[in-house]
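Colleague: Residue-level listing of the chains:
There are 4 protein chains.
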Amino acid sequence: MTKVVVGIIGAGRIGQLHAKNILLSDKYQLKAISDVYTDHLKDIDYLKAVPVITQNADDILNDPEIDAVFICSSTDTHIDFITKAAKNNKHIFCEKPISFDIEKTKETLEVIKETGVKFQVGFNRRFDTHFRKAHDVVRNGDIGTPHVIKITSRDPEAPPEEYVKRSGGLFIDMAIHDFDMIRYLSGQDVKNITVKASSLVDDRFSRNDDVDTAIITLTFADDSLGVIDNSRQAVYGYDQRIEVFGNNGMVQVENQKPTNVKVSTNAAVTEDKPMYFFLERYNEGYIAEIHDFAQSILEDKPVVAKFEDGLQAELLAKAAKLSWKENRTVELSELR
Amino acid sequence: MTKVVVGIIGAGRIGQLHAKNILLSDKYQLKAISDVYTDHLKDIDYLKAVPVITQNADDILNDPEIDAVFICSSTDTHIDFITKAAKNNKHIFCEKPISFDIEKTKETLEVIKETGVKFQVGFNRRFDTHFRKAHDVVRNGDIGTPHVIKITSRDPEAPPEEYVKRSGGLFIDMAIHDFDMIRYLSGQDVKNITVKASSLVDDRFSRNDDVDTAIITLTFADDSLGVIDNSRQAVYGYDQRIEVFGNNGMVQVENQKPTNVKVSTNAAVTEDKPMYFFLERYNEGYIAEIHDFAQSILEDKPVVAKFEDGLQAELLAKAAKLSWKENRTVELSELR
Amino acid sequence: MTKVVVGIIGAGRIGQLHAKNILLSDKYQLKAISDVYTDHLKDIDYLKAVPVITQNADDILNDPEIDAVFICSSTDTHIDFITKAAKNNKHIFCEKPISFDIEKTKETLEVIKETGVKFQVGFNRRFDTHFRKAHDVVRNGDIGTPHVIKITSRDPEAPPEEYVKRSGGLFIDMAIHDFDMIRYLSGQDVKNITVKASSLVDDRFSRNDDVDTAIITLTFADDSLGVIDNSRQAVYGYDQRIEVFGNNGMVQVENQKPTNVKVSTNAAVTEDKPMYFFLERYNEGYIAEIHDFAQSILEDKPVVAKFEDGLQAELLAKAAKLSWKENRTVELSELR
Amino acid sequence: MTKVVVGIIGAGRIGQLHAKNILLSDKYQLKAISDVYTDHLKDIDYLKAVPVITQNADDILNDPEIDAVFICSSTDTHIDFITKAAKNNKHIFCEKPISFDIEKTKETLEVIKETGVKFQVGFNRRFDTHFRKAHDVVRNGDIGTPHVIKITSRDPEAPPEEYVKRSGGLFIDMAIHDFDMIRYLSGQDVKNITVKASSLVDDRFSRNDDVDTAIITLTFADDSLGVIDNSRQAVYGYDQRIEVFGNNGMVQVENQKPTNVKVSTNAAVTEDKPMYFFLERYNEGYIAEIHDFAQSILEDKPVVAKFEDGLQAELLAKAAKLSWKENRTVELSELR
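Chains as they are written, first to last, in the UniProt record's numbering: chain A, 1 to 336; chain B, 1 to 336; chain C, 1 to 336; chain D, 1 to 336.
If you are wondering where the hints come from, they were derived from the structure by calculation, not from laboratory data.
Treat the hints with care, since some could be wrong.
A pair counts as met if it fits within one copy or between any two copies, since identical chains are not told apart.
Claimed, not checked - The calculated lysine to any residue pairs, modelled on SDA-like cross-linking and capped at a C-alpha distance of 20 Å, are:
#1 318 / 334
#2 257 / 64
#3 104 / 141
#4 133 / 270
#5 257 / 209
#6 48 / 2
#7 113 / 304
#8 133 / 266
#9 87 / 58
#10 262 / 141
#11 48 / 29
#12 48 / 202
#13 262 / 302
#14 118 / 291
#15 113 / 311
#16 262 / 145
On a predicted model such as this, the values are computed, not experimentally measured, just so you know.
Produce the complete structure using the sequences and hints provided.
Modeller: Rendered as structure tokens:
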């Protein structure tokens with residue numbers, strides 16, 4: 001195999017993003033796209049070269065020519081599509097979260113293990129050049145043993161109330177990426193989690209039994225500590241910073257800016273605000289993750305963001321929500 | 001009055017530092033210094049101009065010419081000296097913590113209120129140019145209402161075990177400055193506090209029922225959040241950063257470096273490490289705090305770091321220790 | 001016309017770079033590539049979709065389906081290909097310099113004017129996001145009237161002696177980009193130029209009557225000043241900075257780094273070195289320039305880097321060489 | 001000798017600055033101050049401890065108790081005071097420039113040599129922490145052999161016309177500090193100098209046969225190059241940057257800011273402007289230079305900023321003016 005033949009299930013914003021990057025990659029051949037609605041896809045220029053556009057996902061799942069599927073449909077459909085794809089021996093790239101139901105996620109992990117297909121979860125930030133370098137600095141031992149890992153993760157603006165209602169809440173919808181990143185940087189299991197959270201940005205969160213601002217503290221297996229601070233609204237742009245502090249030093253990643261132009265006037269010295277949101281900030285990470293997935297298939301190597309990583313992040317999200325609700329530290333052992 | 005006539009009680013490291021800054025200031029006349037040991041003071045050049053060097057603090061406390069005392073002796077002597085000074089109508093500058101016994105601290109507050117003397121506690125960081133500007137940016141409303149306040153506070157190296165034994169522990173010895181700073185930046189009362197802490201740097205802490213690494217989360221009266229991360233050892237130098245994030249923006253203070261020289265070679269681009277420790281980093285703050293204290297006396301203005309601020313910081317330290325010990329969120333109302 | 005049908009003449013490093021970017025763009029259809037050697041092109045995967053690969057440039061120049069040509073062959077062939085292409089009514093994108101012979105360049109300008117084809121010269125830096133923003137800040141009047149424009153332009157390592165011999169020298173080979181950039185930023189004609197230059201990096205330059213280090217000062221028509229400093233070897237990477245200083249402020253562009261990871265240890269605080277060389281640094285600029293060229297054709301708009309800009313940069317390179325040789329200020333009027 | 005007994009001749013702004021720093025230093029005893037006017041000194045609090053305030057400089061020059069004099073009077077009086085002080089065996093600290101007449105400066109150098117007194121010229125920037133570290137990085141060979149040295153030196157606002165008239169012009173009044181700094185960083189003699197300069201900021205300069213904006217290029221003895229850019233008006237504050245680029249790397253010093261507070265809002269990310277002017281920016285350098293002068297006397301060590309350094313800077317200023325006037329490169333050998 002020199003190219004991975006793929007089908008994409010779900011052609012919303014993220015499905016279209018993957019479609020474009022797949023078309024630009026020389027490691028893939030994009031054979032088919034399915035969605036419950038397909039009308040909006042007719043006007044997209046770069047999709048004209050895709051042979052099959054269908055409303056039936058089975059056209060992809062049953063196609064013997066297709067090596068791998070990208071599952072980008074709504075979260076409640078993931079488990080079903082994953083199970084069918086795995087049973088049909090297709091490698092799977094699945095957007096996060098794998099599901100909203102941890103028991104089902106665990107059962108599905110067994111299916112994946114049995115069939116032996118590759119499974120990569122869409123934790124694109126692991127593939128970001130900056131974060132990956134920070135990760136490598138930690139793994140190389142350049143800063144010694146991590147003592148404290150800090151993540152700042154703030155969106156530029158609150159999503160609409162309709163989105164809030166269906167999102168599953170801040171912990172599963174937003175912090176899940178940070179849970180995965182902190183595990184990726186630490187390399188340790190999480191022992192317990194403690195959340196303090198508030199609704200300060202807008203009433204649409206409290207109205208829906210959700211929060212918009214949170215401080216999440218984690219204790220890892222070796223007693224080192226982690227802390228994540230989330231907000232649904234940073235008016236200056238997408239705020240995505242990490243810091244790993246160890247016994248021999250510290251590694252930090254600052255925000256990315258569109259340009260590094262600096263203007264000095266009588267009034268002030270000003271620089272660019274951070275990039276606006278995830279599409280700008282993680283643009284390269286989205287490309288790198290599908291490149292890496294193809295490499296894993298073509299060279300039969302392990303994936304970087306595994307099913308288990310998806311499961312663990314979901315467990316942390318669940319534990320976080322419980323900690324917030326019950327105002328106490330939650331031991332991960334309670335949930336496993 | 002054009003100059004404040006002062007006596008200093010306690011001539012250890014911090015007492016000598018204040019003595020030097022007082023001698024260099026044109027707002028003070030330094031009349032006397034007392035310490036249980038005075039031999040070591042004889043060789044200090046700049047102290048030769050001080051008229052009275054005594055082993056008896058009462059020589060200062062009873063001197064009618066002396067307007068104000070600086071109490072820099074060991075913490076267990078503070079309450080006694082404060083009480084005598086206040087009763088003798090002397091203004092008081094007292095190093096932190098005011099005491100290790102909160103009930104006594106509260107009682108002493110009443111004495112201060114009755115006598116009406118000025119009382120300033122040695123929270124020198126409030127007078128740091130950088131932090132003060134950040135504080136002013138917040139007060140001016142430039143970033144809107146604070147939602148999250150973050151403080152990173154790490155010492156460059158762990159103190160000797162002898163010091164650890166007598167220190168009272170990380171929360172009262174080290175984090176107390178951060179508790180005051182977070183109150184200063186927030187302008188809000190603290191509702192509750194939650195601590196996760198470990199001993200990761202060195203056994204000397206766990207051996208003495210202490211920790212060296214901590215994540216401290218605070219909920220303020222308006223439900224906004226604060227988080228402090230402490231470590232007893234940052235190998236790259238004194239790490240003192242703050243960040244206030246609000247609904248209209250963010251203000252940050254980075255570390256100070258000895259120089260801003262940057263060297264680019266084939267190997268790397270390198271900059272200075274942060275200033276080594278508090279004497280370097282807060283040198284100007286130590287000068288500014290005594291200047292401000294003199295102004296408060298000479299112009300009869302309120303002090304910036306009040307007795308109540310000292311008490312509140314001690315309460316937070318006590319609550320933090322309790323939270324760590326009992327592994328739970330502690331409501332400040334439990335302690336008041 | 002919805003897509004520009006193009007042929008590329010010359011398939012060396014830069015020709016291949018344009019081919020790849022053209023294939024990835026939805027504004028172009030790449031019909032043909034010619035080169036005196038074509039064997040090396042057979043193994044390049046992404047060229048397999050190109051219908052015509054030929055050793056005869058006329059196959060491109062005479063093809064009536066082709067709307068535009070990219071001239072990426074050696075400098076001595078440019079004038080001939082430009083002339084033929086223009087007479088065949090093809091729009092032209094030509095790499096810099098247009099030629100080594102200014103008289104011929106001037107004559108060819110007349111041909112372009114007569115035929116009315118679009119002509120864009122390969123000054124890709126005008127399309128760099130960072131420099132373009134700096135340019136816009138200046139044009140918007142945010143820093144007032146420019147008084148001093150500074151460009152630092154240093155390559156990461158000296159080219160091999162074979163390259164030095166054929167390069168035409170530092171001024172036409174390397175500084176020509178800086179001459180164009182300083183004109184782009186200033187918006188003014190250059191009155192005179194003064195060069196001080198040395199051979200300090202390596203003997204291969206002095207052996208070939210060339211220099212490797214130069215300070216070039218320019219006086220613009222309004223008496224404002226410019227200064228360019230060039231070196232053939234910056235061991236820390238490609239050094240590309242600009243600064244425009246005006247009566248109301250200053251705009252600066254710093255180097256780009258691969259990541260913004262910062263590592264603090266006991267030894268030092270280190271950051272990434274600048275990106276290695278022009279392919280990394282100006283990667284986006286190469287894409288933006290062909291995008292812009294297509295827009296100019298499809299929407300019949302003026303190009304941003306015109307034939308006249310190529311001619312003016314060549315005149316400045318010639319004047320610079322003369323200034324160096326004769327150790328004097330050269331008035332541009334001497335050459336026009 | 002444990003303290004240097006000094007007298008200060010000339011009590012204008014710079015004389016008063018030295019007086020204050022001398023009074024705060026434990027290496028000096030300030031015995032006398034002279035000025036043609038002394039009325040304004042009566043109200044200055046910190047001068048009340050100075051035993052002798054006189055209108056006659058001879059009271060200082062002839063006082064056998066005085067070890068050293070600080071000459072801070074107007075430039076036209078320097079040579080006379082230097083000569084008398086040297087003949088009376090007093091060490092001399094003299095503000096720059098030593099004189100406006102290079103022949104007289106040269107003659108006076110002979111007097112200094114004969115008498116053997118210490119002579120330090122007021123090039124305070126050599127004592128700036130940041131520049132001194134950059135200098136040491138160069139001397140340690142960390143960046144190899146310097147190829148290009150760049151200095152940006154811009155004042156925050158143009159001086160009044162009265163000052164311009166008496167200043168001697170930009171090269172002797174302002175650039176002289178930069179000439180000394182570039183010699184200090186290079187460690188090389190200057191071979192030739194080439195100036196391009198304009199009057200762009202304000203007519204008050206052209207009206208007085210002066211310029212306000214200049215690019216000054218220098219060739220050193222080893223053919224390495226230097227470039228200084230000066231402006232009389234940088235609206236964003238005092239702009240004082242240096243860069244030394246060598247065959248093994250580069251060292252840079254950026255501007256100093258009052259605080260490192262950064263504010264991010266929806267509108268922009270803003271930082272402090274550079275410190276306002278030389279009193280703020282070089283405050284520590286002024287203290288360090290008098291400290292170093294005392295050390296040289298007390299420990300009989302060579303001074304860091306010698307008479308010859310003053311002379312060479314004056315020669316460069318003279319050559320620069322000639323280059324500007326005659327629009328040509330001036331060889332320093334023409335002037336020596």
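Colleague: Each hint should be assessed against the structure and marked as holding or not.
Modeller: Verification of the supplied hints:
no. : hint      : result
1   : 318 / 334 : within (11 Å within a copy, 30 Å between copies)
2   : 257 / 64  : neither (44 Å within a copy, 45 Å between copies)
3   : 104 / 141 : neither (37 Å within a copy, 48 Å between copies)
4   : 133 / 270 : between (28 Å within a copy, 13 Å between copies)
5   : 257 / 209 : neither (34 Å within a copy, 43 Å between copies)
6   : 48 / 2    : between (23 Å within a copy, 15 Å between copies)
7   : 113 / 304 : within (16 Å within a copy, 57 Å between copies)
8   : 133 / 266 : between (38 Å within a copy, 19 Å between copies)
9   : 87 / 58   : within (13 Å within a copy, 56 Å between copies)
10  : 262 / 141 : between (35 Å within a copy, 15 Å between copies)
11  : 48 / 29   : both (14 Å within a copy, 15 Å between copies)
12  : 48 / 202  : neither (42 Å within a copy, 55 Å between copies)
13  : 262 / 302 : neither (43 Å within a copy, 29 Å between copies)
14  : 118 / 291 : within (14 Å within a copy, 38 Å between copies)
15  : 113 / 311 : within (14 Å within a copy, 59 Å between copies)
16  : 262 / 145 : between (37 Å within a copy, 17 Å between copies)
Violated hints for the displayed structure, listed by number in ascending order: 2, 3, 5, 12, 13.
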